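*Asks:* Listed below are the residues making up each chain.
Protein chains: 2
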Amino acid sequence: MNKAYIGLGSNIFPRKFFIESALRKIALEKGITLKGRSSVYDTHPIGNSLQGRYLNSVVEVETSLGPHELLSRLLRIEKTLGRVRQGKNGPRTIDLDILLYGDRVIRDNNIAIPHPRMHERDFVIFGMNEISPMAIHPVLNMAIGDIHNKRQMKIIRTPREAHSYVSSLRQKGRRVGFVPTMGCLHEGHLSLVKKARCENDVVAISIFVNPAQFGPREDYKRYPRNFIEDKKLAKRAGVDIIFYPDTKNMYTPTHSTYVDAEDISENLCGRFRPGHFRGVATVIAKLFNIIPADNVYFGQKDAQQAFIIKRMARDLNIPVNIRILPTVREKDGLATSSRNAYLSKKERREAAVLFKSLLLAKDLIRGGERRAANIIKRMKDSINKNSSAKIEYIAIVDTAGLKDIKTLKGEVLIALAAYFGKTRLIDNSIIKVK
Amino acid sequence: MNKAYIGLGSNIFPRKFFIESALRKIALEKGITLKGRSSVYDTHPIGNSLQGRYLNSVVEVETSLGPHELLSRLLRIEKTLGRVRQGKNGPRTIDLDILLYGDRVIRDNNIAIPHPRMHERDFVIFGMNEISPMAIHPVLNMAIGDIHNKRQMKIIRTPREAHSYVSSLRQKGRRVGFVPTMGCLHEGHLSLVKKARCENDVVAISIFVNPAQFGPREDYKRYPRNFIEDKKLAKRAGVDIIFYPDTKNMYTPTHSTYVDAEDISENLCGRFRPGHFRGVATVIAKLFNIIPADNVYFGQKDAQQAFIIKRMARDLNIPVNIRILPTVREKDGLATSSRNAYLSKKERREAAVLFKSLLLAKDLIRGGERRAANIIKRMKDSINKNSSAKIEYIAIVDTAGLKDIKTLKGEVLIALAAYFGKTRLIDNSIIKVK
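Heads up: the protein sequence lines correspond to chains A and B, in order. In terms of this note's numbering, the first sequence has 567 at position 171, counting the first letter as 1, and numbering is strictly consecutive. In terms of this note's numbering, the second sequence has 475 at position 79, counting the first letter as 1, and numbering is strictly consecutive.
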């Protein structure tokens with residue numbers, strides 16, 4: 397049996413359908429066993445850029461077929477799916493290429509293995525790096541993971557340069573995904589980067605600990621910073637651009653314009669962190685202008701922040717698509733957060749109760765409970781069993797206006813903040829009540 | 397003697413130098429007399445868009461030369477200025493074309509009059525419309541003014557459509573100029589449009605009476621509106637796009653995000669119109685996102701507004717170039733304003749004192765006066781001689797932070813607001829004090 401990697405591409409709608417159909421057909425071929433598949437990447441067409449965007453994916457197979465026979469099977473599948481070859485860069489329902497076939501190097505009239513430009517194609521390298529970073533490219537004599545990690549990553553320090561660079565990419569038709577962060581990257585951030593990687597041609601992140609969103613008695617100064625490590629993690633995650641500005645390049649001494657998200661910033665964290673969301677909305681408005689992205693990615697963990705940013709983009713007509721992705725959690729359910737690093741061993745252990753209290757709430761609702769006060773009471777009791785915990789708030793609000801509700805109905809947000817020792821943690825859950 | 401029109405174009409720097417040199421050389425030719433010249437237009441290259449942007453202008457000449465002799469003189473001037481002909485769309489130090497020659501129609505191997513595509517070239521039609529709207533295009537048998545007024549003007553009602561249309565123009569490399577207005581267009585607005593016309597390929601204006609910038613006891617409801625007339629004026633001024641949204645398309649019922657220009661919005665008009673500049677900054681932030689222009693144009697008359705918008709663009713990294721143009725005045729010096737329409741005959745006559753008081757201030761400063769209080773006192777005395785006038789404020793502030801100053805130094809803004817009857821008028825002057 398030989399291990400081979402096959403690249404799939406489609407740029408005729410429904411693209412996803414053609415990719416999935418081809419995959420099914422490959423899996424059904426005798427002599428081919430599907431071993432793994434990568435994410436699907438949405439990519440700018442290569443060459444003739446008048447054709448539509450592609451979806452691309454990579455699969456790992458084990459096969460008893462020789463490379464020429466494997467290729468002829470793939471060509472047959474292309475044909476079944478209606479592929480008509482119209483010149484080098486014509487549109488295609490499905491495009492199937494053998495990327496690697498074991499460690500073989502084959503160059504004849506019919507076949508070129510390894511695929512001659514595979515190492516230059518981001519989606520091939522991203523896809524293979526997901527499923528098989530140790531696979532060797534026999535011509536370059538390099539592991540795929542090493543090819544991946546050798547991609548260029550640009551670090552930009554000034555707003556002007558970031559704007560002009562990203563604008564020029566947009567001008568060339570590249571789709572740009574953007575993940576704003578305060579650095580100290582963890583799995584939560586990386587899940588956003590991963591999604592951005594699949595949906596865009598270029599992924600930018602910003603690393604900026606924004607003073608405007610910290611209160612005078614908050615942890616601005618001691619907020620964890622680790623650019624060296626962030627750089628490594630970003631590169632491994634396939635980031636193309638890190639925008640890493642100095643504070644003085646973001647706020648002039650006479651800075652005096654702020655974006656206020658009134659109303660929905662008053663409840664929840666807003667009650668306890670006056671000015672926090674004004675600082676968040678202001679820096680995010682700035683970052684959206686500095687990095688004119690197609691898509692931006694935020695985590696659901698900062699639920700109120702996500703609501704406020706979506707509201708701001710709507711109210712100020714900011715032309716960006718905002719994607720809110722699920723909270724990433726540690727094994728015990730604790731939401732990943734840069735601030736988890738502050739926790740002592742005991743605090744860390746006890747902090748898992750936050751997620752458990754949200755599960756408890758879900759159970760109560762599933763059991764028929766609709767009175768917010770009762771649910772909150774039960775959650776409080778459960779959290780208060782932990783000696784290092786001090787609840788700041790637990791609230792159940794409607795997702796339209798983030799106002800406290802007495803009786804659960806429709807879509808509700810259960811949000812909480814609690815200190816474990818000196819460390820303030822937040823978590824939340826959105827629940828559809830029948 | 398024959399009347400002729402010549403088009404000038406240059407896209408090699410210094411473009412302005414080549415245009416002016418060619419003009420001088422044309423004026424020095426025997427048998428050619430310069431009669432008029434248009435503004436200079438900065439335009440996107442036609443055809444091969446990899447070449448640089450052009451400056452273009454049109455001149456009217458009277459000439460005793462025949463058309464072929466006129467052409468050969470122009471070719472000689474091109475040569476003197478270093479023009480090398482490199483293919484149809486090559487770059488050019490200077491390009492001189494005969495557009496019209498009297499009412500003659502000439503088509504031979506050397507010459508084509510009228511210039512075959514002159515009626516399709518915006519800068520030709522704009523330029524000729526400035527200097528000679530009655531000139532007849534002998535092939536189309538139409539006056540230039542009529543060709544100008546037949547240009548398409550797009551009226552867009554929704555933010556989404558405005559954004560997608562303007563973005564697509566930007567994507568094609570077109571330079572977009574934008575003049576936000578509240579309608580009821582007057583010479584002040586039209587001077588902004590005229591400038592925008594010269595500096596951009598596409599000119600958009602918005603017409604939107606923004607409720608967020610009117611106080612509860614202010615004139616939102618009775619603010620003058622006249623879209624029919626505005627449409628005519630805009631078209632005559634060469635506007636390409638009017639963005640004319642409904643209020644409900646600009647503010648959803650749950651709108652809750654506002655842009656606050658703190659600090660510099662506190663003094664001057666801000667003291668008397670609480671919330672006004674918050675409304676202005678918010679709607680301008682929205683409009684900048686809806687219409688992603690290269691250049692936006694505001695009048696100096698609303699001096700504090702201009703400062704706040706520039707500050708906002710700086711603080712929020714809004715990628716637009718903001719141009720503040722001088723106040724346009726009536727013959728007696730009154731600043732043009734839509735609100736002048738409210739004035740009774742007597743109020744209108746007396747309102748001229750505002751400008752006179754600013755001139756008085758200038759005179760005092762020129763005479764050595766540096767104490768703000770003295771200058772303000774003299775201005776007040778002068779305005780108060782008018783029985784319909786009621787001063788709201790007169791202030792002298794530094795142009796960095798708009799704070800009151802006691803002793804004049806450096807660049808200062810003298811700003812005032814006064815009621816004439818029920819109509820509130822403002823005016824100002826920026827003075828460099830030695």
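Certain hints may be false.
Identical copies go unnamed one by one, so any copy, or any two together, can satisfy a pair.
[Unchecked claim] Derived SDA-like pairs (lysine to any residue); straight-line CA-CA distance at most 25 Å:
id	residue 1	residue 2
1	K628	H515
2	K706	T650
3	K399	D794
4	K412	N736
5	K818	F610
6	K752	R500
7	K644	I718
The set of hints was computed from the structure by calculation and includes no laboratory data. Nothing here was measured: the structure is a model prediction, and the numbers come from that model.
*Asks:* None of the hints should be skipped; say for each whether it holds.
*Replies:* Hints versus structure:
Taking the shortest alpha-carbon separations for K628 and H515, only the intra-copy value of 21 Å comes in at or below 25 Å, while the best inter-copy value is 59 Å. For the homomeric pair K706 and T650, the shortest alpha-carbon distance between copies (13 Å) is at most 25 Å, but the shortest distance inside one copy (28 Å) is not. When the C-alpha separation of K399 and D794 is checked against a cutoff of 25 Å, the pair qualifies neither within a copy, at 52 Å, nor between copies, at 74 Å. Neither within a single protomer nor between protomers do K412 and N736 lie at most 25 Å apart by alpha-carbon distance, with minima of 38 Å and 61 Å respectively.
Only within a single protomer do K818 and F610 lie at most 25 Å apart by alpha-carbon distance; the minimum there is 15 Å, versus 46 Å between protomers. In this assembly of identical chains, K752 and R500 lie within 25 Å of each other by CA distance neither inside one copy nor across copies; the values are 52 Å within and 89 Å between. For the homomeric pair K644 and I718, the shortest alpha-carbon distance between copies (23 Å) is at most 25 Å, but the shortest distance inside one copy (27 Å) is not.
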